[in-house]
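Turn these sequences into a full structure, and let the hints steer you where they fit.
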Amino acid sequence: MYYMINTLGQQVNGGENMDFNDNLPIYIQIMNLIKGKIVSGEIGKGDKLPSVREFSKKLKVNPNTVQRTYQELEREGLVFTQRGMGTFVTEDKEVIKKFKKGMATNIVNNFLIEMKKLGFTPSEIMDIISEWIEKEERE
Amino acid sequence: MDREGGAGMKNIVEIKNLTKNYFNKRALDSLNLNIQEGKVVGILGPNGSGKTTLIKILTGLLRQSKGEVFIDGHNIGVHTKSVVSYLPDRNFLYNWMNIEDACDFYKDFYSDFDEKKFEELLDFMKLEKNMKVTSLSKGMHEKLNLSLVLSRNAKLYILDEPIAGVDPVARDQILDAIINNYNEKSSMIITTHLVRDMENIFDDVVFLKDGEIILQGNAESLREQKGKQIDDLYKEIFSV
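Residue numbers (the working numbering), protein chains in the order written: chain A, 1 to 139; chain B, 1 to 240.
No wet-lab data here; the hints were simulated from the structure. Be aware that one or more of the hints could be misleading.
[Unchecked claim] Quick list of in silico lysine to any residue cross-link-like pairs, SDA-like style, CA-CA up to 20 Å:
1) B:K185 to A:V52
2) A:K58 to B:K126
3) A:K57 to B:M125
4) B:K155 to B:L33
5) A:K57 to B:D203
6) A:K58 to B:I179
7) A:K58 to A:I43
8) B:K226 to A:D22
9) A:K58 to B:P168
10) B:K185 to B:D203
11) B:K155 to B:M125
12) B:K228 to A:N32
13) B:K81 to B:Q64
14) B:K185 to A:Q67
15) A:K58 to B:D172
16) A:K58 to B:F124
17) B:K228 to B:D203
18) A:K57 to B:L122
19) A:K57 to B:R196
20) B:K185 to A:R53
21) A:K58 to A:L33
22) A:K57 to B:F124
23) A:K58 to B:R196
24) B:K228 to A:L24
25) A:K57 to B:R171
Following this line, the structure appears as structure tokens:
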């Protein structure tokens with residue numbers, strides 16, 4: 001458990017002060033951090049999340065903010081709370097898969113918007129992507 | 001305990017139409033502010049904005065010219081002083097003291113002082129009881145003062161510029177101690193102009209300018225509405 005608190009903390013903390021620089025509410029930034037870890041499998045299904053108090057200390061944020069983060073994640077079905085035990089990542093593979101897909105869609109959307117701004121056509125974008133994938137596979 | 005009840009949050013602080021004049025200068029102008037139980041509230045503003053005047057009224061060091069102030073349901077007086085733990089922005093210990101003396105001093109003065117909690121905090125801050133007050137650096141001073149203030153089981157903690165002029169390591173320890181000390185039954189008021197360093201520990205923020213509240217609200221809601229962090233908002237408001 002301690003390991004997880006540390007890895008969760010480090011990403012935001014970098015050992016120094018917290019760095020919530022996006023123009024988003026802090027609870028959303030913490031949600032995104034946890035979602036990323038769940039989707040990538042760094043936090044496994046059924047794993048326990050750090051306690052609100054411990055996590056707020058690690059991130060140097062108000063405990064109410066972490067509380068809100070957990071509530072929102074629960075509302076989205078990614079975690080569940082067991083009374084007196086703590087907050088756990090869902091056991092449902094399908095839910096995690098759905099989230100993974102949703103996050104991928106966001107990334108692809110943003111990518112396409114940026115590429116179109118640069119004046120690339122869809123077929124040019126396809127070419128660039130397949131070129132890159134081939135190159136990566138060769139290495 | 002007349003208004004105790006269910007999930008309803010009660011206000012620890014209620015300020016209505018608070019005005020303070022120094023002769024013909026208006027230091028605070030018709031302030032309205034409620035602070036709920038369990039909230040950490042940041043009072044933000046540059047020097048001369050009225051932060052210190054507000055705090056002096058809450059701690060009973062100054063009287064208002066107009067308006068009403070309630071803490072824990074009472075007018076400012078003996079009761080409110082017994083439930084407010086205040087960290088002034090300057091040193092309040094005597095030079096002849098060592099940390100042990102400072103502890104005894106607090107124990108004598110405040111019946112809600114928790115010596116065990118104080119010892120834990122000293123340990124956390126890496127301070128020793130035999131250290132002389134005069135031998136402490138600025139950061140150590142601040143850590144000692146904060147340890148004393150947080151060791152009281154108060155309903156309201158008022159911290160005036162708790163991280164001003166301390167090094168980054170001490171600053172982190174101070175922030176940690178504040179977060180550790182958080183509990184749902186008490187509230188905190190923290191004044192600062194170092195917004196970037198402290199904004200993540202606030203539930204609510206109040207922007208004070210020339211004695212008036214020009215913006216107040218839940219910190220997360222403000223981030224959402226304005227699309228920026230509180231520090232950026234602060235710079236925007238006070239740079240003009």
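Quiz item: Given the hint that K81 (chain B) pairs with Q64 (chain B), does the C-alpha gap stay at or below 20 Å?
Solution: holds, 16 Å
Quiz item: Is the Cα-Cα distance between K228 (chain B) and N32 (chain A) 20 Å or less?
Solution: holds, 17 Å
Exercise. Quickly compare the C-alpha distance for K57 (chain A) and M125 (chain B) to 20 Å and report which way the hint goes.
Key: holds, 15 Å
Practice problem: Verify the proposed pairing of K57 (chain A) with D203 (chain B), using a straight-line Cα cut of 20 Å. | Solution: Within the cut-off at roughly 15 Å; holds.
Quiz item: Is the hinted pair K58 (chain A) and F124 (chain B) satisfied, with a Cα-Cα distance of at most 20 Å?
Solution: The hint holds at about 15 Å.
Quiz item: Between K155 (chain B) and M125 (chain B), does the CA-CA distance stay at or below 20 Å?
Solution: violated, 23 Å
Practice problem: Take the C-alpha atoms of K57 (chain A) and R171 (chain B), compute the straight-line distance between them, and say whether it is at most 20 Å. | Solution: It holds: about 14 Å lies between the C-alpha atoms, which stays within 20 Å.
Exercise. Please work out if K57 (chain A) and R196 (chain B) have their alpha carbons no farther apart than 20 Å.
Key: holds, 17 Å
Quiz item: Going straight from one Cα to the other, do K185 (chain B) and R53 (chain A) come out at no more than 20 Å?
Solution: Roughly 15 Å between the alpha carbons, so the hint for K185 (chain B) and R53 (chain A) holds.
Quiz prompt | Hinted pair K228 (chain B) and D203 (chain B), Cα distance within 20 Å | solution = holds, 16 Å
Quiz item: Straight-line Cα separation of K58 (chain A) and D172 (chain B) no greater than 20 Å?
Solution: Given pair K58 (chain A), D172 (chain B) holds - Cα atoms ~11 Å apart, limit 20 Å.
Exercise. For the pair supplied as a hint, K58 (chain A) and R196 (chain B), confirm whether the alpha-carbon distance does not exceed 20 Å.
Key: holds, 17 Å
In this structure, only the earlier hint numbered 11 is contradicted, and the remaining ones agree with it.
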